[in-house]
Amino acid sequence: MKAVTVISGTGVPLKRSDVDTDQIIPAEWLKQVERTGFEKGLFATWRDDRDFVLNQEQYQGASVLVAGPAFGVGSSREHAVWAIQQGGFDAVIAPSFSDIFRNNCTKNGLVPVVLPESTVEQIWAAIEADPQTDITVDVERLVVEVPAAGIVAQFPMDAPTQHRFLNGLDDIGLTMAHVGDIDAFESSRPAWLP
Amino acid sequence: ITRTLLSSTPTPVTLSIPQECYLRKWDAYNAQTDDLRHDESQDDVNQDHVNQDRVNQDRVNQDRVNQDQVNRPMTLPEKVWHRHLVHSTPGEADLLYIDLHLIHEVTSPQAFDGLRLSGRKVRRPELTLATEDHNVPTADIDQPIADEISAKQVDTLRRNAAEFGVTNYPMGHANQGIVHVIAPEQGRTLPGMTVVCGDSHTATHGAFGAIAFGIGTSEVEHVLATQTLPQSRPKWMSVTVDGPAPAGVTAKDIVLAIIGEIGTSGGIGYVIEYRGQAISDLSMEGRMTVCNMSIEAGARAGLIAPDDFADPSTRENVGRALEYMGLTPGTPMRSIAVDTVFIGSCTNSRIEDLRAAAAVMEGRTVTVPRVMVVPGSHRVKLQAEAEGLHEIFRAAGADWREPGCSMCLAMNPDKLTQGERSASTSNRNFEGRQGRGGRTHLVSPAVAAATAVQGTFATPEDLPPIEGATS
Ligand code: SF4
Numbered sequence: 192m193k194a195v196t197v198i199s200g201t202g203v204p205l206k207r208s209d210v211d212t213d214q215i216i217p218a219e220w221l222k223q224v225e226r227t228g229f230e231k232g233l234f235a236t237w238r239d240d241r242d243f244v245l246n247q248e249q250y251q252g253a254s255v256l257v258a259g260p261a262f263g264v265g266s267s268r269e270h271a272v273w274a275i276q277q278g279g280f281d282a283v284i285a286p287s288f289s290d291i292f293r294n295n296c297t298k299n300g301l302v303p304v305v306l307p308e309s310t311v312e313q314i315w316a317a318i319e320a321d322p323q324t325d326i327t328v329d330v331e332r333l334v335v336e337v338p339a340a341g342i343v344a345q346f347p348m349d350a351p352t353q354h355r356f357l358n359g360l361d362d363i364g365l366t367m368a369h370v371g372d373i374d375a376f377e378s379s380r381p382a383w384l385p
Numbered sequence: 056i057t058r059t060l061l062s063s064t065p066t067p068v069t070l071s072i073p074q075e076c077y078l079r080k081w082d083a084y085n086a087q088t089d090d091l092r093h094d095e096s097q098d099d100v101n102q103d104h105v106n107q108d109r110v111n112q113d114r115v116n117q118d119r120v121n122q123d124q125v126n127r128p129m130t131l132p133e134k135v136w137h138r139h140l141v142h143s144t145p146g147e148a149d150l151l152y153i154d155l156h157l158i159h160e161v162t163s164p165q166a167f168d169g170l171r172l173s174g175r176k177v178r179r180p181e182l183t184l185a186t187e188d189h190n191v192p193t194a195d196i197d198q199p200i201a202d203e204i205s206a207k208q209v210d211t212l213r214r215n216a217a218e219f220g221v222t223n224y225p226m227g228h229a230n231q232g233i234v235h236v237i238a239p240e241q242g243r244t245l246p247g248m249t250v251v252c253g254d255s256h257t258a259t260h261g262a263f264g265a266i267a268f269g270i271g272t273s274e275v276e277h278v279l280a281t282q283t284l285p286q287s288r289p290k291w292m293s294v295t296v297d298g299p300a301p302a303g304v305t306a307k308d309i310v311l312a313i314i315g316e317i318g319t320s321g322g323i324g325y326v327i328e329y330r331g332q333a334i335s336d337l338s339m340e341g342r343m344t345v346c347n348m349s350i351e352a353g354a355r356a357g358l359i360a361p362d363d364f365a366d367p368s369t370r371e372n373v374g375r376a377l378e379y380m381g382l383t384p385g386t387p388m389r390s391i392a393v394d395t396v397f398i399g400s401c402t403n404s405r406i407e408d409l410r411a412a413a414a415v416m417e418g419r420t421v422t423v424p425r426v427m428v429v430p431g432s433h434r435v436k437l438q439a440e441a442e443g444l445h446e447i448f449r450a451a452g453a454d455w456r457e458p459g460c461s462m463c464l465a466m467n468p469d470k471l472t473q474g475e476r477s478a479s480t481s482n483r484n485f486e487g488r489q490g491r492g493g494r495t496h497l498v499s500p501a502v503a504a505a506t507a508v509q510g511t512f513a514t515p516e517d518l519p520p521i522e523g524a525t526s
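In the order they appear, the protein sequences are chains F and V. Using the working numbering, the first residue of the first sequence is number 192, and each one after it goes up by one. Using the working numbering, the first residue of the second sequence is number 56, and each one after it goes up by one.
Careful, some of the hints might be misleading.
Quick list of in silico lysine-lysine cross-link-like pairs, DSSO-like style, CA-CA up to 30 Å [to be verified]:
id: 1; chain 1: F; residue 1: 231; chain 2: F; residue 2: 193
id: 2; chain 1: V; residue 1: 176; chain 2: F; residue 2: 298
id: 3; chain 1: V; residue 1: 176; chain 2: V; residue 2: 207
id: 4; chain 1: V; residue 1: 207; chain 2: F; residue 2: 222
Some chain V residues near chain F, calculated using beta-carbon distances under 7 Å [as the list claims (entries may be wrong)]:
id: 5; residue: 141
id: 6; residue: 144
id: 7; residue: 150
id: 8; residue: 154
id: 9; residue: 169
Only part of the chain V face toward chain F is listed, based on derived beta-carbon distances under 7 Å [as the list claims (entries may be wrong)]:
id: 10; residue: 164
id: 11; residue: 168
id: 12; residue: 172
id: 13; residue: 207
id: 14; residue: 208
id: 15; residue: 280
id: 16; residue: 281
id: 17; residue: 283
id: 18; residue: 287
id: 19; residue: 401
id: 20; residue: 402
If you're looking for bench data, these hints aren't it; they were derived computationally from the structure. Where is the CB? At the ideal position from N, CA and C, for every residue including glycine.
Let's have the full structure, built from the sequences with the hints guiding it.
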């Protein structure tokens, strides 16, 4: 997992609430044996609609998904996070997230940013006015900045989670922080064990 | 102290445990601390057999038992857990070392892909064993797999195993089979181990006194990369099935009765240790059946204390002994050639012993290079000679010698040389006992004599009949 300090890019206004993981990545995509290629399944059903926001030319290349409240509800599938990341996004801004989705985000390096609904709406307006509006998510200072709209907003993140992002530690990375303990344990394992 | 209540909810299992087979259980103390405790209550507890019919009485007794158990030493599963702690911080999950990681085609593909994406390796490929079991066909396995997804998964496992250096037993291989069957078969599951697999019936390996539990795909990746797993500490429960189980009650009946008693969610959050005579009377296969079903009671794992058959120190010794003996497990005794046969020692050098040996050798010829018959005393020697036994031994080609301890302990010139193998009627097969590097097999006089004739270990019944013999 890559370390995340500052994300800077354009955004996509996904003006819907209760976006569930079945919409993010439909179940038929779970049969894959790979961990990659899920961008093709990202919002697969909605993308059939030519006017769906992710299909719009002006939002291509965005790295921040700006969505409505209760984002990521439903099935616990981690694939939803993979799909969003593989779709090019490094952060999701929303007024609220489902617990499991948010947890899955932190395990995979996708930054979940909780901002007040009014702030989210301001960002939507700014992006819709100018799709090239620059959005900065600073994980070090826990601040979102949208200079064009005059937005400087703090967002919450507990210290251990922030530590994970800043150091690029997934669960395995966290465990490997104890690699000295693992080495020591291995060297003391009884000889009768393989 | 926490405990689960006896289930009052009927569960869809057949209760085939009969009345005379008593079932009792209690929640062991929920060990949240690392204190080692001293146990006075165990014997009390074991005498406290409560009939299934008296469930309410049992509940009362459980309270007392639970209180008694505040001062007790760690149970087997607790010991296994503690011995695998790589890192432990209060309030956080324990980091457990994993001794054996079993993988199969269904829950591993994305774990391997995750490793690839993050540029990680399998930390201990030799502690990882793969096989194809979950979705392989059971007929026409020489043909390509018809099902598209299973074909893809099997193919992916083969490629992943090759790429990451993990042993895989593919379809058609002599070692292939259900992952929980092959690991014990091949001696990969050992007592006191931690075993994980991306499969919920991993508790099967608990039959060997291992803590074994199922994990998800992201945990599979975690174990592949680190050989460890963060796990919250379970609660501990023991289930005692006092026996003996009456004829016709199998392991399956016992475990179904247990599940029926504690409920299909009665074990949630627990590791169950199965105890009692009905359990220890079970074969290893039966124990695997019991532990296998732990998950059906909702438990994270279930295990049975290893006995002499499966004890780790015994296993360790067995392993070392086999090496010393120049043997591999599973070798039929009858296929092992012997260099020396020694009939003697204070164990088997009396007249009756010599008669037994002579009865086998009479009319036959020994083929083992060195066959020594050493009477235990001079009197024995004379008695044997009076009966003509010495003539029988000599006619067969054995060496009829003077009395003494002889090769029992090889303080005299009667020694085995390095690597020499004996069939010996003596009493100790310690390393070097019959000579430095000598390999001693302890046998009876009749077997020693038959082996002397056959050249490999044999019983008298193994020998061809003597020509012209009347019987
Ligand atoms: S050396 Fe062997 S035969 Fe002699 S007394 Fe000891 S045990 Fe018996």
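Taking the hints in turn, this is what the structure says about them:
| no. | hint | in the structure |
| --- | --- | --- |
| 1 | F/231 with F/193 | holds, 22 Å |
| 2 | V/176 with F/298 | holds, 19 Å |
| 3 | V/176 with V/207 | holds, 22 Å |
| 4 | V/207 with F/222 | holds, 10 Å |
| 5 | 141 | holds, 5 Å |
| 6 | 144 | violated, 10 Å |
| 7 | 150 | holds, 6 Å |
| 8 | 154 | holds, 6 Å |
| 9 | 169 | holds, 5 Å |
| 10 | 164 | holds, 4 Å |
| 11 | 168 | holds, 4 Å |
| 12 | 172 | holds, 6 Å |
| 13 | 207 | holds, 6 Å |
| 14 | 208 | holds, 6 Å |
| 15 | 280 | holds, 5 Å |
| 16 | 281 | holds, 5 Å |
| 17 | 283 | holds, 6 Å |
| 18 | 287 | violated, 14 Å |
| 19 | 401 | violated, 34 Å |
| 20 | 402 | violated, 31 Å |
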